[in-house]
Amino acid sequence: MASSPEEPISNPPIPSSSEDDEDDYDEIDEGEDEDEEEDSRSSVTEESRMHSDRVKMESLFRRLSSERVPIRVHDVIIKGNIKTKESLIEAELEALKTATTLQDLLKAASIANGRLQQLDIFESVSITLDSGPPELPGTTNVVVDIVETENPLTGSVGVFSKPEARAWSLEGSLKLKNLFGYGDIWDGSLAYGWDLTSEISAGVSLPRFKKLITPVTARLSLLSQDWLKFSSYKERALGLSLGLLSSRRHDLAYNLSWRTLDDPSQISSRAVRRQLGHSLISALKYTFKIDRRNSPLRPTRGYAFLSSSQIGGLLPDHRGLRFLRQELDVRYALPLGFYNAAFNFGISAGVTVPWGSGFLSRSTFLPEKFFLGGNSSPVCALGGPSSLLGFKTRGLGPAEPRRQVPGNSTDESSDASSAMDFVGGDLAVTAFADLSFDLPLRVLREAGIHGHAFACTGSLNKLTENAYKDLSFQKFKESFRASAGFGVIVPTKLFRMEVNYCYILKQQEHDREMERKTSQIQPPTYGDLITILSIDGGGVRGIIPATILSYLESQLQELDGKDARLADYFDVIAGTSTGGLVTAMLTAPDENNRPLYAAKDITPFYLEHCPKIFPQKKCGWFASIGKMMQALIGPKYDGKYLREIVKEKLKNTRLSNTITNVVIPTFDIKKLQPTIFSSYETKRSAFYDAKLSDVCIGTSAAPTYLPAHNFTVEDSKGNVREHNLIDGGVAANNPGLVAIAEVSKEIFKNNPDFFPIIPTDYGRFLVISIGTGAAKSEQKYNSSLAAKWGIVDWLFHKGSTPLIEVFSQSSADMVDYHNAVVFQALHSEKSYLRIQEDKLNGTEASVDVSTKENLESLVEIGKNLLKKPLSRVNLETGLTEPIPKGGTNEEALKRFAISLVNERRLRESRSPLTKKVSKVVVRPAMLYGAECWPVKNSHIQKMKVAEMRMLRWMCGLTRGDRVWNETIREKVGVTTVECKLREVRLRWFGHVKRRDMDAPVRRCERLALDGFRRGRGRPKKYWAEVIRRDMDLLQLTENMTLDRKVWRTRIRAED
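1 is the number of the first residue of the sequence shown in full-length UniProt numbering; add one for each residue after it.
It is worth saying that the hints were derived from the structure and are not from the lab.
It cannot be assumed that every hint is accurate.
To be verified - Listed below are the simulated BS3-like cross-link pairs for lysine-lysine, each with C-alpha atoms no more than 30 Å apart in a straight line:
| id | residue 1 | residue 2 |
| --- | --- | --- |
| 1 | 107 | 85 |
| 2 | 944 | 475 |
| 3 | 867 | 776 |
| 4 | 647 | 670 |
| 5 | 636 | 671 |
To be verified - Beta-carbon label-pair distances, calculated as ranges:
| id | residue 1 | residue 2 | range |
| --- | --- | --- | --- |
| 6 | 478 | 1017 | 37 to 43 Å |
| 7 | 841 | 591 | 41 to 47 Å |
| 8 | 1019 | 966 | 32 to 38 Å |
| 9 | 290 | 440 | 33 to 39 Å |
| 10 | 830 | 311 | 44 to 50 Å |
| 11 | 641 | 674 | 55 to 61 Å |
| 12 | 722 | 647 | 17 to 23 Å |
| 13 | 1034 | 294 | 57 to 63 Å |
| 14 | 950 | 486 | 35 to 41 Å |
For every residue, glycine included, the Cβ atom is placed at its ideal position computed from N, Cα and C.
Just need the whole structure built from these sequences, with the hints factored in.
Right, dumping it as structure tokens:
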């Protein structure tokens, strides 16, 4: 509609200063009256015009709603396309040209607008209708105004985490849009996952090309997938994917890839080893999808359905994998009408089998099988059975034991879930129910944050390799797992984040880790980490690490009980000088084979004995001169009390007797080379299996402070080796690197305790290094001062020993620098913790000032150090700097305590110790003499209860832990006492039947009691009756007893 032009408004004249002012004001008033009348007339005209337009629009809407308005498109005018081909835009506007009514035209315009927006190459799209030529009434022109993207190159980068798989990935992508004007999108992506997945891919997408009516897509990718934690194999795939057909509901794609499965750990199960090597996948996949839910993130109404069919093995190649795979997924959302609540439920199912002759006797290819577990939301996910809340990724389903670790016998293999390979299933079914609702707070409702309660169930079964014959309906029903819980959902534009609490309602074998307690740490071969504790040297400053270690041990006790000790959690504890003494105190066994000292007892030990080890003389000029003269003619202290107290506490304990492995560096002054006393070396050479007291005295013999120590070690053949030792701080005041080197050497020598770890796998190390403090901030020395020093000043300067301080501090800092560089280079900096106080002053920095005031001051320094921010070496400057947002040392120790406890529990769950105890101790005691028991059901039930009490006690569990009996029995790896009771009965029965008829044991069968009268009530159960029941249950006959080997095989109850 055209509007009348507005008249220009002139500004009123500004009155000038003259004698005719009053006349001028009269003229102005008259002009204002005329303007008011003119404004009133224009407002009336505007109101009438708006009313007329409103009447016309209401008439148009009534007509559109009541009748079909005929109209014909005369022309389509496209504007704004500078680079985009008009044929691409016209292809999306074909429906507009065939519209015959205005209603159809408006609907077609809306659909075309959406399709053009989906091309992702335009900033904006506007479609308007204009009147056609006057000579052609009832026609219209469609004007399409587009704005192309200014910057065709876009990119994104992000870090994504999978807590259930303990993995992180860095992902980035680049997109180049509309390069040739056909709406083509060229993209490349790169994903690097720490310890899980890496992928690089490039692809192109054409929405329409020439006469083709469907989009064309192609993607080339190189994938490396690490499943070592779950199924002990790595997968690499070079593949090409072609999209042949794509519409709103239908997708057809062809995939061609060359896959390689290998096992670098060499511990994979038999099912995995059979499929290692190269294979070719040539598959066609068709997907039909309907999604009519109102939201993919929080659906409150509607339904969704997906069906995916895939056939592999289309190329005639002997390495081609032939398989069929079918997936179905149904979702439904039902609004409840209160608090925006909705009830979502759904079911997913999938089946995959190989095809060809004898297909059910062969195994499905591992990557094509179904795996359940993980924490992906089943409400949003639409793509077949995969997630099951409350269970870990690939944390359930068919599993096989991994290859036996060298050094363990076959009957001692662990049945824990972490020692199994999850090999997936051929038939998967999952179902869920979810109730979502708004939270009561308005702020949360406006942000979209809401709560939900859910329940999930799922089953995963094997069909191939003739396993379908054993799958009955009862077994299928029993194979379901179930979980329930509640949580809070935070939706975003791209995904929804859930914070859930899950409770396992039903679980099966290998689905859940079990916590068990033993007295000593299991070897690293059963875990994921190698744990190392390193303690620096520093004389009386050993109080500082003692305070730190006391706090660490207290955190371990909060997590694992009051009996927890540091030696129970570290594979290696290394110490130099005073750190060596602390190491011995933490690892030397007492009469109960537990650590001689708890960490909290070390500080009192130092407070009591340091004044006697380093006796302080009176101050004054004569005292200073006496100290200098003593330093010139011999060590400052005689070391007698140190030798006495160390030998008294450690007695005859040798290095091989420690509770965990220890590494203590020393320096042999006679050979002029370091001597490393290591628990690992004692297994190869008796010359290193010295008394722990001698090693501690030797590593503490600081030059100028304490005398060197000499002792000999004799082997079993009478050969003797002499050691002439001084302080290990001369070689390695920070023994952290020495401890890592000792472990790496053991790995290189194929020590079974570290199988399958490789020597350069520093990412598997968890190291805590604790220093004894330094006086760097004091800066008491400088080059001008040192330039004037002679031998005396280098050895004794104002109560300190510059030469010793320089050697020890430089050694410690270089080790810290090396470890920091290596761990940061391997992205494992969170596995290395260095705690050091570098702001000591005065006597605090001394190694021998043992006054009460100084010792108590060192205790306070250790406590304050816990509150200080976590620091790390700057690789550019070499200086120690606080880590931004790293928290305090106290918080870091808490995190490391959790890692240590989890690592210990993981190892214990994989260890065969519990199974052996049950077999050797519990079962023989319970079944003694059971061969001839005519047991009743009540007797069996009592024995089951007694057995479970013993198993729970061995595992450190109670009924309050709510762990299923089946789970405990399967984790320990023992069958029920009822089955073993039946086995011993039938074994004795077979022994009796194989004896001659004249044997005494056979004559008992023919005994007849004359005149015996049975009493009232139910007849007593006899042994023969129990045997008949057992034979019927196992489908046995008496003739089978004649073949001893067959009989033993048929009656054996496997653990």
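*asked:* Tell me the numbers of any earlier hints that the structure contravenes, in ascending order.
replied: 11
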